[in-house]
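Undergrad: Working from the sequences, and respecting the hints, build out all of it.
Protein sequences, first through last, are from chains A and B. The first sequence runs contiguously to residue 208 in the working numbering. The second sequence runs contiguously to residue 598 in the working numbering.
Treat the hints with care, since some could be wrong.
[Stated by the list, open to error] Taking lysine-lysine pairs in the DSS-like style, the calculated list, with each CA pair at most 27 Å apart, reads:
| hint | chain 1 | residue 1 | chain 2 | residue 2 |
| --- | --- | --- | --- | --- |
| 1 | B | Lys197 | B | Lys497 |
| 2 | A | Lys5 | B | Lys207 |
| 3 | A | Lys127 | B | Lys420 |
| 4 | B | Lys422 | A | Lys127 |
| 5 | A | Lys5 | B | Lys466 |
| 6 | B | Lys420 | B | Lys497 |
| 7 | B | Lys466 | B | Lys197 |
| 8 | B | Lys416 | B | Lys84 |
| 9 | A | Lys5 | B | Lys198 |
| 10 | B | Lys207 | A | Lys127 |
| 11 | B | Lys416 | B | Lys497 |
| 12 | B | Lys416 | B | Lys207 |
| 13 | B | Lys197 | A | Lys127 |
| 14 | B | Lys197 | B | Lys207 |
| 15 | B | Lys126 | B | Lys589 |
| 16 | B | Lys416 | B | Lys126 |
| 17 | B | Lys497 | B | Lys422 |
| 18 | B | Lys497 | A | Lys5 |
These are computed hints drawn from the structure, not numbers from a lab.
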Amino acid sequence: MPASKLLIDQLETRARRGRDGYYLNAEAWYGGDIDKLWLKTEIEGEYGRKAEQAEFQALWSHAIDPWFNLQAGARFDARPDTRGHLVLGVEGLAPYWIEVDAAAFLSDKGDVTARVEVEHDMRLTQKLILQPRVELDFAAQDIPRQQIGSGLSSAELGLRLRYQIVPQFAPYVGVNYERAFGDTRRFRTQDGESPGGWQFVAGLRTWF
Amino acid sequence: MNELTLLNRRTFLAGSAAAASVAGLFPAWAMSMSPGVTAAKGSGTLAGNDLAITVAPHSFNVDGRVGLAVAMNGTIPGPLVRLKEGENVRIAVHNQLGEDTSIHWHGLLVPFQMDGVPGVSFPGIKAHSTFVYEFPVRQSGTYWYHSHSGLQEQVGHYGPIIIDPAGPDPVAYDREHVILLSDWTFLHPHALFTQLKKQPGVFNRQKLTLEDRMKGRNPLTAEERAMFARMRMDPTDVSDVTAAAYKYLINGHTPGENWTGLFHPGERVRLRIINAAAQTIFNLRIPGLPITVVATDGTDVRPVEVDELQIGNAETYDVIVQPSDRAYTFVAETIDRSGMGVATLAPREGMRSTVPPLRERPILRMKDMGMDHGASAQPMDHSAMGHGSTGAIDHSAMGHGSVPVPGAPMDHGDMKMRDKSKVRFPVGVGVDMIAPMPMDRTGDPGIGLDNVGHRVLTYRDLVALKPFHDQRPPTRRIDIHLTGNMERFMWSMDGEKLSENPEPYRFARNERVRMRLINDTMMTHPMHIHGHFWQLVNGHGANQPLKHTVRVLPGGYVDLDMTADAPGDWAFHCHLLYHMHAGMMRVVKIRPLEGEAA
Numbered sequence: 001m002p003a004s005k006l007l008i009d010q011l012e013t014r015a016r017r018g019r020d021g022y023y024l025n026a027e028a029w030y031g032g033d034i035d036k037l038w039l040k041t042e043i044e045g046e047y048g049r050k051a052e053q054a055e056f057q058a059l060w061s062h063a064i065d066p067w068f069n070l071q072a073g074a075r076f077d078a079r080p081d082t083r084g085h086l087v088l089g090v091e092g093l094a095p096y097w098i099e100v101d102a103a104a105f106l107s108d109k110g111d112v113t114a115r116v117e118v119e120h121d122m123r124l125t126q127k128l129i130l131q132p133r134v135e136l137d138f139a140a141q142d143i144p145r146q147q148i149g150s151g152l153s154s155a156e157l158g159l160r161l162r163y164q165i166v167p168q169f170a171p172y173v174g175v176n177y178e179r180a181f182g183d184t185r186r187f188r189t190q191d192g193e194s195p196g197g198w199q200f201v202a203g204l205r206t207w208f
Numbered sequence: 001m002n003e004l005t006l007l008n009r010r011t012f013l014a015g016s017a018a019a020a021s022v023a024g025l026f027p028a029w030a031m032s033m034s035p036g037v038t039a040a041k042g043s044g045t046l047a048g049n050d051l052a053i054t055v056a057p058h059s060f061n062v063d064g065r066v067g068l069a070v071a072m073n074g075t076i077p078g079p080l081v082r083l084k085e086g087e088n089v090r091i092a093v094h095n096q097l098g099e100d101t102s103i104h105w106h107g108l109l110v111p112f113q114m115d116g117v118p119g120v121s122f123p124g125i126k127a128h129s130t131f132v133y134e135f136p137v138r139q140s141g142t143y144w145y146h147s148h149s150g151l152q153e154q155v156g157h158y159g160p161i162i163i164d165p166a167g168p169d170p171v172a173y174d175r176e177h178v179i180l181l182s183d184w185t186f187l188h189p190h191a192l193f194t195q196l197k198k199q200p201g202v203f204n205r206q207k208l209t210l211e212d213r214m215k216g217r218n219p220l221t222a223e224e225r226a227m228f229a230r231m232r233m234d235p236t237d238v239s240d241v242t243a244a245a246y247k248y249l250i251n252g253h254t255p256g257e258n259w260t261g262l263f264h265p266g267e268r269v270r271l272r273i274i275n276a277a278a279q280t281i282f283n284l285r286i287p288g289l290p291i292t293v294v295a296t297d298g299t300d301v302r303p304v305e306v307d308e309l310q311i312g313n314a315e316t317y318d319v320i321v322q323p324s325d326r327a328y329t330f331v332a333e334t335i336d337r338s339g340m341g342v343a344t345l346a347p348r349e350g351m352r353s354t355v356p357p358l359r360e361r362p363i364l365r366m367k368d369m370g371m372d373h374g375a376s377a378q379p380m381d382h383s384a385m386g387h388g389s390t391g392a393i394d395h396s397a398m399g400h401g402s403v404p405v406p407g408a409p410m411d412h413g414d415m416k417m418r419d420k421s422k423v424r425f426p427v428g429v430g431v432d433m434i435a436p437m438p439m440d441r442t443g444d445p446g447i448g449l450d451n452v453g454h455r456v457l458t459y460r461d462l463v464a465l466k467p468f469h470d471q472r473p474p475t476r477r478i479d480i481h482l483t484g485n486m487e488r489f490m491w492s493m494d495g496e497k498l499s500e501n502p503e504p505y506r507f508a509r510n511e512r513v514r515m516r517l518i519n520d521t522m523m524t525h526p527m528h529i530h531g532h533f534w535q536l537v538n539g540h541g542a543n544q545p546l547k548h549t550v551r552v553l554p555g556g557y558v559d560l561d562m563t564a565d566a567p568g569d570w571a572f573h574c575h576l577l578y579h580m581h582a583g584m585m586r587v588v589k590i591r592p593l594e595g596e597a598a
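TA: Below, the structure written as structure tokens:
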């Protein structure tokens, strides 16, 4: 019997120096124990402006062991540029309850990038959960148009404290620190943009 | 004299002019009283040789809230079916549901076509049609019946059976009560199942927290904590569904509705206890009153006095109590201690005793991963035990190689918890653990009952009153692994779900076989075989007890001897409804059939 799930992992507002922003990270799946259709989306931007980043992934997810899925499919970016990618990744639960989502992307321009997201739920009480989160972005080459430099291009560290009113509904507050490295940092600075910094976040995690 | 004050005197009273006078005493029940629309709680009796049961949709009132249910003859639980050993019975089942249904006579030795498992033994009972069951009654004792279609058992499709013996009853009693335990949810059972697929721990509100550590409420050693975390196993994952989603019912009544069984002080009262819950194992006790177990799964055992016992789904226990002139609380605490069913035994209506608070939740230990090195018979404190003290180990019972050298310290971190070479089936996505050293846990009282300060029944306490007629030693042993993946809520036997069409387990007719059920998961599985009784191998030789449903403890195994004397196709499954639904079920094929060449 197939099942389905919609998870809005982060729907948050981000307070920071300059203009405040918003961020959405959500996924949905449908299917059986082994094979699933898996959709992911990430949208980020500043209030009152067009989204800085808007990407959508449609993946075939195939269980390869009790805890991990191999995921392959396509990614479509509406922002900053209209661009297509092929996606190959793994998603699952590593020992010590560490959630991992790692994927490599090949764009229709031939650019290769990769992203690793790792998070862990620390249960302070039955309802209060502290979630550290790390995201690392890599690129195999410079993509100046998108302000991406080769190597480790940027990193994001987050710490969110959520209160599970019920498991399906959990508002949170937290902090997020972002930093660009190497050429990425240079591209951004050249364009007069911030190479990173602190943000205070407040949002909602929910699933159905 | 056997005076049956069956299920609920209020049912009968309320239907009469007496209803008004009772209403004040039993407000919850009285408010739910609305014949013809809402199913009544408890029921009357169906006795004789020609019976009829109508299965129909009903609403059901639980603590003032109304949910959708399936009732039999308008009641939940369904009517008591009272049969007589040695007679033939015809039971016409009318299906008024808009979907297929079925009735399985749990524990009854019937021809397989009458066993009531759609897709295994018969096609099922189509919507708005009738099926007539007809079979000889070959046994006596306490049994029950329930749907084997979809998840109907969750929503009220269950009822008790008592079969009176043809000869004198070896159990003397002055009065009897049926105590039927069940769990009720206002969630649609399919929604409940998909919740578990989405997030298996969703109903657990008793996880380990930092707060527990700081307040000293986490008994795990650092090594155990690391082991569980490395394996992505939650040591508090004892029940998939908890009081977060369930109300626990006794004879259809919540604790607030307080079903009451009456007695005269000094009487020998026989309680016929049936666990008809979908997904709940209970710990039973009656504070202040010793419990003498006289039968299990319908079969008589030598009387054994205890203070508490664990009852798996679909098990039955007959117990004798001799209450004094006071009220007692019958406590059915769930295995994870998130909630309880409560009833009252009292000499007069309206009396109540105190209800004890829920005890501290149990926490799984190394032993529950099948990797403890001590004697399995004794409850023990692992943290206090040197890992080298393995004097009492039964090497022959392990049967899986990799036996530690006695006296040699062992590094648990190096122990393989999913060693594919230990088993003969493919270890795939659906198998997150292979117990490295499963052991005989028939001497254990059950999860959470090792140190409760009073006597708790174990399977080793059960001794059949009469020796089983077939004492041949088994000619072979087959190992059957109970397997699962907690993270994906996948459940299987030997790594394969029923939906994958696994090979049936095949036995020759009248073959004497030993089945070793090995639990490679961290949950207790009440395993049920249709059409047969197992002799539970517990060291009592010819008088090993007969069981149709056996709890296999986490990381443990149970040896079960069986005479395959009932030709046909039989279901064999975990009686946790959502485990069975997920695929923890197989077919047992016994050939040749009647009149067929060998």
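Undergrad: Each hint: holds or not?
TA: Structure-based check of all given hints:
no.	hint	verdict
1	Lys197(B) x Lys497(B)	holds (15 Å)
2	Lys5(A) x Lys207(B)	holds (23 Å)
3	Lys127(A) x Lys420(B)	violated (38 Å)
4	Lys422(B) x Lys127(A)	violated (40 Å)
5	Lys5(A) x Lys466(B)	violated (54 Å)
6	Lys420(B) x Lys497(B)	holds (18 Å)
7	Lys466(B) x Lys197(B)	violated (45 Å)
8	Lys416(B) x Lys84(B)	violated (53 Å)
9	Lys5(A) x Lys198(B)	holds (6 Å)
10	Lys207(B) x Lys127(A)	holds (10 Å)
11	Lys416(B) x Lys497(B)	holds (24 Å)
12	Lys416(B) x Lys207(B)	holds (25 Å)
13	Lys197(B) x Lys127(A)	holds (21 Å)
14	Lys197(B) x Lys207(B)	holds (18 Å)
15	Lys126(B) x Lys589(B)	holds (25 Å)
16	Lys416(B) x Lys126(B)	violated (49 Å)
17	Lys497(B) x Lys422(B)	holds (20 Å)
18	Lys497(B) x Lys5(A)	holds (22 Å)
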